[in-house]
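> The whole structure should be built from the sequences, with the hints applied where relevant.
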Amino acid sequence: MMWKCRVKRRFFNNLLVVLSLLAFLAIPVRSSDMDKFQVYGFADIQYVRSDHESMGDTNGSFDVSHFNVMTNYQVNSRVSAKIHLEYERSSSHVEDHAGNEEEQGEGEHEEEEEISAFGALEVVWAYIEFDLSHSTRIRTGKNLTPFGIFNEIHDASPSYNSVDIPSAIYRAGRVGGMSMFPEIITGIFILADHQISDNASWNYVAYVGNGEHAEGSNIKDENVNKIIGGRIAFSPTFDIHLSSSFLSHKVGEEENNHESWIVSLEYAPSPFEVHAEYAISERENLTAATVTESSWYMEAAYTLHLFTPFMRYGWLDPDDDSDNDEWTETVIGSSYHLMENTVLKFEYRIYQGDGLEKDDNDYNEVAAAVTVAF
Amino acid sequence: MWRSIKVFLSLVFLFQSLLCFSIEGMLVSNKDVSATALDSKELQSIFMGKKTSWDNGVSISPCYITPTSAESQRFFEDITNKNYLIFKRYWNRKLFSGNDIPPRNFSTIEDLLDYASHIKGAICFIHTAEIQLPANVKRVEMN
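From first to last, the protein sequence lines are chains R and H. Sequential numbering from 1 applies to the first sequence in the numbering used here. Sequential numbering from 1001 applies to the second sequence in the numbering used here.
None of these hints come from the bench; they were simulated from the model. There's no promise every hint is true.
[Unchecked claim] Across the chosen pairs, the derived CB separations fall in these ranges:
1. H:Asp1039 to R:Asp321: 51 to 57 Å
2. R:Ala200 to H:Ser1059: 18 to 24 Å
3. R:Met178 to H:Arg1139: 55 to 61 Å
4. R:Leu242 to H:Thr1108: 56 to 62 Å
5. H:Ala1037 to R:Asp239: 21 to 27 Å
6. H:Thr1036 to R:Ser248: 49 to 55 Å
7. R:Asp239 to H:Asp1111: 28 to 34 Å
8. H:Lys1041 to R:Leu242: 18 to 24 Å
9. R:Arg49 to H:Ala1135: 56 to 62 Å
[Stated by the list, open to error] Listed next, the in silico BS3-like pairs over lysine-lysine satisfying Cα-Cα at most 27 Å (straight line):
10. R:Lys36 to R:Lys142
11. H:Lys1031 to R:Lys36
12. H:Lys1041 to R:Lys36
13. H:Lys1094 to R:Lys82
[Stated by the list, open to error] To give an idea of the chain H side of the interface with chain R (calculated C-beta under 7 Å), a few residues:
14. Gln1044
15. Ser1045
16. Ser1053
17. Ile1060
18. Lys1082
19. Asn1083
Cβ coordinates follow ideal geometry from the N, Cα and C atoms, glycine included.
What follows is the structure in structure tokens.
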């Protein structure tokens, strides 16, 4: 019965947060205050069907994948406070943020099933930002790790063409690999944007924060070591964007080293777009042996009137020292601009390889989604 | 046959050039904005969020009318050098990562002019060549 109490408590906690937010939004305020307060967000409803019983849902299922609300309050000319709340997963779906299926005892599993029937409400990021100048600011609080192109927008489906982001790097945990980076970091970030000319610019973000718990990035770190990392980006023209991200930290009570880096290229001469990334991650396991994981993907898209067809190919090697564990992802699909801020997406995914730790590793999925930005 | 193809292609190019000439629009700003003319690189830099402040330090607040017709979308592409859908995805990415606020978009010219007249640093484009501007709004030349 303990889990029922926890479920009820969590449900009412979520309800309290939602009601508090609604009450906050409903409070009449001066118009000058409203100018300082912005609310925006996105939502999507997805349908996914797999042809592999143990690698997805063969019945096909609809899912309120995300309903996210962000607020930005300009405290004064140099300070702002921001929060991002997420309501996720209305259907039964148990996984952590890195896409790892969780191993649970029977009772725990029942609890998660009950919780997921309500969905989950959580704070994705919450921080205070100080503008040091027009080009430099300091951010303190909880934030999505600035790693590569997609982690900071991994749920924000109106930001990309596909239903889901590239699995090869960002969902490596789903397919026999390890998470290359903690999804969330609480700490201090310094961000800067500098314009070199009308065409060219560069920017960077550097941070220090709590490291990753052995069981996931959303749990408090259990060692004194801090994560350090950063990303530097350069745009020689409006159409070309090059960046490299790096992070280093120690995981768990054993203080296993974990280092990752990624190089990213975006080339977008409208209406053509190409994204490509290569990432490598080294992590000590419990026996202090170092496992090296590497991955890359490339995606091309072309916007033609209201359609944006795209194709992506991704590759993952979970352990450089092991043979026959590589895995590939091929995604073909299109997005269709239904109306302002509303997009319909559909795609076909082909997963092949030996890294899935299943007798029959290859499987396919069809996915569709409606996304709304507001 | 070859002559027919050439005639057809000439007509297509003629029609396309007529369409291009029909694209009309103007750039307006708050009267406190010091700039009197902007070139295409500066405009792109502003609407892609690269240039964020005027020379006097005032923050730039760009805005536009949501392009609903093919003509207004072409004018939008002339200004930003981006397809409107790609422009939206670009700014959704900045917005939802918490890193930047996109240019304001309005569905009516009246709302846009009201914004431009009240916000110091506002710079907006509209795909209408002739319009009566409020006192606090001035026209900016496009080079």
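> Hint by hint, note whether the structure agrees.
Outcome of the hint check:
1. Roughly 56 Å separates the CB atoms of aspartate 1039 of chain H and aspartate 321 of chain R, a value that falls within the hinted 51 to 57 Å.
2. Taking 18 to 24 Å as the suggested C-beta distance range, the pair alanine 200 of chain R and serine 1059 of chain H conforms, at roughly 21 Å.
3. A C-beta distance of roughly 58 Å is found between methionine 178 of chain R and arginine 1139 of chain H, which places it inside the suggested range of 55 to 61 Å.
4. Taking the beta carbon of each, leucine 242 of chain R and threonine 1108 of chain H are about 40 Å apart, not inside 56 to 62 Å as hinted.
5. At about 25 Å, the CB distance of alanine 1037 of chain H to aspartate 239 of chain R agrees with the hint of 21 to 27 Å.
6. Between threonine 1036 of chain H and serine 248 of chain R the C-beta distance comes to about 51 Å, which sits within the given range of 49 to 55 Å.
7. For the hinted restraint 28 to 34 Å between aspartate 239 of chain R and aspartate 1111 of chain H, the CB-CB distance of approximately 32 Å keeps it satisfied.
8. As the Cβ distance of lysine 1041 of chain H to leucine 242 of chain R is approximately 20 Å, the hint placing it in 18 to 24 Å holds.
9. Checked against the hint of 56 to 62 Å, the pair arginine 49 of chain R and alanine 1135 of chain H passes, with Cβ atoms roughly 60 Å apart.
10. Taking the CA atoms of lysine 36 of chain R and lysine 142 of chain R, the gap is about 22 Å. The hint holds against a cut of 27 Å.
11. For the hint linking lysine 1031 of chain H to lysine 36 of chain R, the alpha-carbon distance of about 22 Å falls within 27 Å, and the restraint holds.
12. Between lysine 1041 of chain H and lysine 36 of chain R, the direct Cα distance comes to roughly 30 Å. Violation of the 27 Å bound is thereby established for this hinted pair.
13. For the hint pairing lysine 1094 of chain H with lysine 82 of chain R, the CA-to-CA distance comes to about 14 Å; that is within 27 Å, so the pair holds.
14. The interface hint given for glutamine 1044 of chain H holds, since its Cβ lies 6 Å from the closest Cβ of chain R, which is under the 7 Å cut-off.
15. This hint holds: serine 1045 of chain H has a C-beta 5 Å from the nearest C-beta of chain R, less than the 7 Å allowed.
16. At about 5 Å, the closest approach between the beta carbon of serine 1053 of chain H and any beta carbon in chain R falls short of 7 Å, and the interface hint on this residue holds.
17. For isoleucine 1060 of chain H, the interface hint is violated, since its Cβ never comes within 7 Å of a Cβ in chain R; the closest pair sits about 10 Å apart.
18. Restraint check, lysine 1082 of chain H versus chain R: the minimum CB separation of about 5 Å is within 7 Å; hint holds.
19. Restraint check, asparagine 1083 of chain H versus chain R: the minimum CB separation of about 5 Å is within 7 Å; hint holds.
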